[in-house]
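S.K.: Protein chains in written order, with our numbering: chain A, 13 to 231; chain B, 411 to 531.
These are calculated hints, taken from the structure and not from any lab test.
Where is the CB? At the ideal position from N, CA and C, for every residue including glycine.
A hint or two may mislead.
[Claimed, not checked] Computed beta-carbon distance windows for the label pairs: (1) B:G457 to A:R213: 21 to 27 Å; (2) B:R506 to A:L141: 36 to 42 Å; (3) A:D161 to B:A508: 23 to 29 Å; (4) B:A531 to A:L141: 39 to 45 Å; (5) B:R506 to A:S74: 37 to 43 Å; (6) B:D521 to A:P205: 23 to 29 Å; (7) B:W458 to A:S74: 18 to 24 Å; (8) A:V150 to B:R506: 37 to 43 Å; (9) B:A531 to A:D161: 20 to 26 Å; (10) A:P19 to B:W460: 15 to 21 Å; (11) B:T526 to A:P19: 44 to 50 Å; (12) B:R506 to A:G198: 20 to 26 Å; (13) B:A508 to A:V150: 39 to 45 Å.
[Said to hold, decoys possible] Which stretches of chain A does chain B cover? Using the computed rule of at least three CB atoms under 8 Å from a CB of chain B, they are: (14) 144 to 153; (15) 219 to 225.
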Amino acid sequence: MTEAALPVDPATAAAHNATLEAVAAPGAWWNGADRLAIVRAARSAPTCAFCAERDGPTLPISAEHDDDGELPPIAVEAIHAIRNDSGRLTRRWFDDVIDLGLLPEAYVELVAVTASSVIVDTFAQGIGLDMPDLPEPVGGEPTLERSDDLEDADAWLPLARQGRANILRSLGLVPSALKLFFGTFGRSYYMAPDSHFALDRAQVELVAARVSAVNECFY
Amino acid sequence: MALRESVGNSKRSSTEPDLGVVTGRSDGDTGVAHGALLVGLAEAVAGWRWEEVKVLRQQGIDSMGPDATRDAILVASGFNGITRVADAIGIRLDTRTANASVELRAQVGIDDFAPTEKWLA
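Generate the whole structure from the sequences, applying the supplied hints.
M.R.: Set out below in structure tokens:
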């Protein structure tokens with residue numbers, strides 16, 4: 013897929029490289045090897061035979077996903093569901109994931125790593141490159157970081173107390189997860205005063221809105 | 411797919427997007443410059459349909475230029491990620507947005523993406 017790839021601007025390349033380097037290092041609730049395994053699970057999700065046949069309006073929890081055994085089955089369930097079926101996620105599905113042993117903090121970090129890898133990999137493939145190679149894992153233990161500066165905003169998890177919009181507060185339970193994700197996403201929208209695109213604002217909003225609709229995202 | 415004939419991305423948008431096109435209920439270029447191409451590219455990127463992306467990418471290079479095409483893919487990639495965060499955390503619409511968009515959301519069908527069971531414990 014490498015012919016005629018579009019040139020990547022340096023700031024985007026730096027941001028996406030920083031994401032992969034950060035993923036390879038220990039996080040708050042997963043070590044570096046685990047976090048890289050989350051990325052690999054997200055990458056393998058599109059070819060998961062079980063996901064391809066799982067239909068219906070909601071998602072039953074399952075341990076039948078294509079899985080190389082690197083992660084607990086409930087983590088693979090969460091990664092595949094987020095990668096392949098995010099529009100069908102429900103509160104009941106989330107409660108089952110937590111009841112079956114995934115800590116809420118570990119879930120938040122898993123969401124951030126999965127969604128960040130979706131951005132990096134989608135962009136690379138979209139411009140005509142292969143998905144980037146993953147770094148070697150960095151040794152060390154998770155920090156067990158957890159924020160207490162939270163509030164109930166009627167989401168499935170408490171959100172950061174501070175923030176202009178719910179999406180910006182969504183990963184607030186684990187501040188490093190929030191930082192990881194928005195460090196990745198930041199180049200894709202007007203997140204900074206110097207944000208600039210070779211598209212006008214209406215074009216950017218059209219692309220953003222159409223992708224959100226394709227993904228059946230209410231927010 | 412009929413695309414505007416222009417060189418570079420010099421043709422600017424003059425109106426807000428047609429929301430029927432955004433939600434897939436109608437076709438067209440939405441009044442946004444290169445709108446039909448951008449919608450097609452957004453759909454193909456969001457669906458990870460790389461052969462289709464390859465064709466549309468070349469059309470984008472030819473009509474909007476490489477930087478605009480790359481940025482369209484960058485925006486689409488970002489929203490492919492952030493929609494997953496929103497859905498996986500089960501966040502609600504911000505109060506101000508929700509209050510200001512009741513009719514609009516019903517009109518264009520966005521409410522269909524938030525069935526009752528989404529938040530039902």
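S.K.: Determine for every hint whether it applies to the structure shown.
M.R.: Here is what the structure says about each hint:
Take G457 (chain B) and R213 (chain A): their Cβ atoms lie about 25 Å apart, and the range 21 to 27 Å holds. A C-beta distance of roughly 40 Å is found between R506 (chain B) and L141 (chain A), which places it inside the suggested range of 36 to 42 Å. Range check, D161 (chain A) to A508 (chain B): Cβ separation about 24 Å, and the 23 to 29 Å hint holds. Between A531 (chain B) and L141 (chain A) the Cβ separation comes to about 43 Å, which falls inside the hinted range of 39 to 45 Å.
Range check, R506 (chain B) to S74 (chain A): Cβ separation about 39 Å, and the 37 to 43 Å hint holds. Evaluation of the 23 to 29 Å hint for D521 (chain B) and P205 (chain A) yields a failure: the beta carbon distance comes to about 34 Å. Checked against the hint of 18 to 24 Å, the C-beta distance between W458 (chain B) and S74 (chain A) comes to roughly 22 Å, which is consistent with it. Against the hinted window of 37 to 43 Å, the Cβ-Cβ separation of V150 (chain A) and R506 (chain B) comes to about 41 Å, which satisfies the hint.
For the pair A531 (chain B) and D161 (chain A), the beta carbons lie near 25 Å from each other, so the given range of 20 to 26 Å is met. Between P19 (chain A) and W460 (chain B) the beta carbons are some 18 Å apart, a value that agrees with the proposed interval 15 to 21 Å. The beta-carbon spacing between T526 (chain B) and P19 (chain A), approximately 46 Å, falls within the hinted interval of 44 to 50 Å. For R506 (chain B) and G198 (chain A), the hinted distance range of 20 to 26 Å is satisfied, since their beta carbons lie about 23 Å from each other.
Between A508 (chain B) and V150 (chain A) the C-beta distance comes to about 42 Å, which sits within the given range of 39 to 45 Å. A count of 0 residues in the stretch 144 to 153 of chain A with a Cβ less than 8 Å from any Cβ of chain B is obtained; the coverage claim is therefore unmet, three being the minimum. Evaluation of the coverage hint for the stretch 219 to 225 of chain A: fulfilled, as 7 residues show C-beta separations to chain B shorter than 8 Å, against a requirement of three.
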